[in-house]
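Generate coordinates for the entire structure from the input sequences, incorporating the hints supplied.
Number of protein chains: 2
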Amino acid sequence: MTTQELAEKLVKMCREGKFKEATESLYSEEIVSMEAGAPPGQSRESKGLEAVKAKGEWWAANHEVHAATVEGPLVAGSHFACTFKLDVTFKPENRRFTLEEVAVYKVVDGKVVYEEFFYNMGA
Amino acid sequence: MTTQELAEKLVKMCREGKFKEATESLYSEEIVSMEAGAPPGQSRESKGLEAVKAKGEWWAANHEVHAATVEGPLVAGSHFACTFKLDVTFKPENRRFTLEEVAVYKVVDGKVVYEEFFYNMGA
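For the protein sequence lines, the chains are B and A, in the order given.
With the working numbering applied, the first sequence covers 1 to 123.
With the working numbering applied, the second sequence covers 1001 to 1123.
By construction, these hints were calculated from the structure, which means they are not laboratory data.
Glycine included, every Cβ here is placed at the ideal spot set by N, Cα and C.
Be aware that a few hints might be false.
[Unchecked claim] Take a look, some chain A residues computed to stay more than 12 Å from chain B by CB distance:
hint	residue
1	Ser1046
2	Lys1091
3	Pro1092
[What the hints assert, rightly or not] Taking lysine-lysine pairs in the DSS-like style, the calculated list, with each CA pair at most 30 Å apart, reads:
hint	chain 1	residue 1	chain 2	residue 2
4	A	Lys1085	B	Lys111
5	B	Lys85	A	Lys1009
6	B	Lys47	A	Lys1047
7	B	Lys85	A	Lys1085
Here is the structure:
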């Protein structure tokens, strides 16, 4: 699978809300996932498929998604970028907000081995 | 200037080969520029407008650009991404190669304050 094919598949699955399926089918066991920031004492970085799946499960359990837009991908060599615009409610605080972020992915041997998200903290 | 406006202006200037003018007109004095890697003992990070301009001048002096494609931008909040595909010759070694990279930018108060480039080392 080329970077372009994987990028189009990942974007399509995210547009359909299939975040968990995308992680399970397209990510490497050695995935490293980097957030823009982390709470005090916690790491921006999650390492390994189990940790990244756990982060996704926490996110899905704690947010209600009202609307989502995914744009891209833009592909260059082994990397690609897309954007996410999510209208969500953080359920523990019943707080609705818009999350806008750029995501960058690196692909090796047809699997995502690195992802990084760029957004403003506190957004 | 919104992030969208700045992003479109930067991409347009890069398409016209006006990299130096883009840096001088669109970048903050406090710009931080991050490469995917650096030679041993050197930093991936350049801090401040003078350092970033010097990096750009070194690059321009040492590469001949045969063709360049810039795609994007994709904009999300204060960030945007684009891709560069450059057919270049590294003049000191007379070595021609293709550089494909994803670039991510962060905008504050109408200026670029952070840029990061994603590509494979040795490409």
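Would the pair Lys85(B) and Lys1085(A) pass a check requiring their Cα atoms to be no farther apart than 30 Å?
Holds - the C-alpha atoms of Lys1085(A) and Lys85(B) are around 27 Å apart, at most 30 Å.
Given the hinted pair Lys47(B) and Lys1047(A), is their alpha-carbon gap at most 30 Å?
29 Å, holds
Holds or violated: Lys85(B) with Lys1009(A), Cα cutoff 30 Å?
With Cα atoms ~22 Å apart, Lys85(B) and Lys1009(A) stay inside 30 Å; holds.
Is the Cβ of Pro1092(A) more than 12 Å away from each Cβ in chain B?
Check passes; 23 Å lies beyond 12 Å.
Does the claim that Lys1091(A) lies outside the interface with chain B hold up, using a Cβ gap greater than 12 Å?
For Lys1091(A), whose nearest Cβ neighbour in chain B is about 22 Å away, the distance exceeds 12 Å, so it holds.
Is the claim that Ser1046(A) lies outside the interface with chain B correct, judged by CB distances over 12 Å?
Its Cβ never comes within 12 Å of chain B, the nearest being 18 Å, so this holds.
Restraint status (C-alpha distance of Lys1085(A) to Lys111(B) at most 30 Å):
22 Å, holds
In terms of the numbered hints stated before, the structure departs from none.
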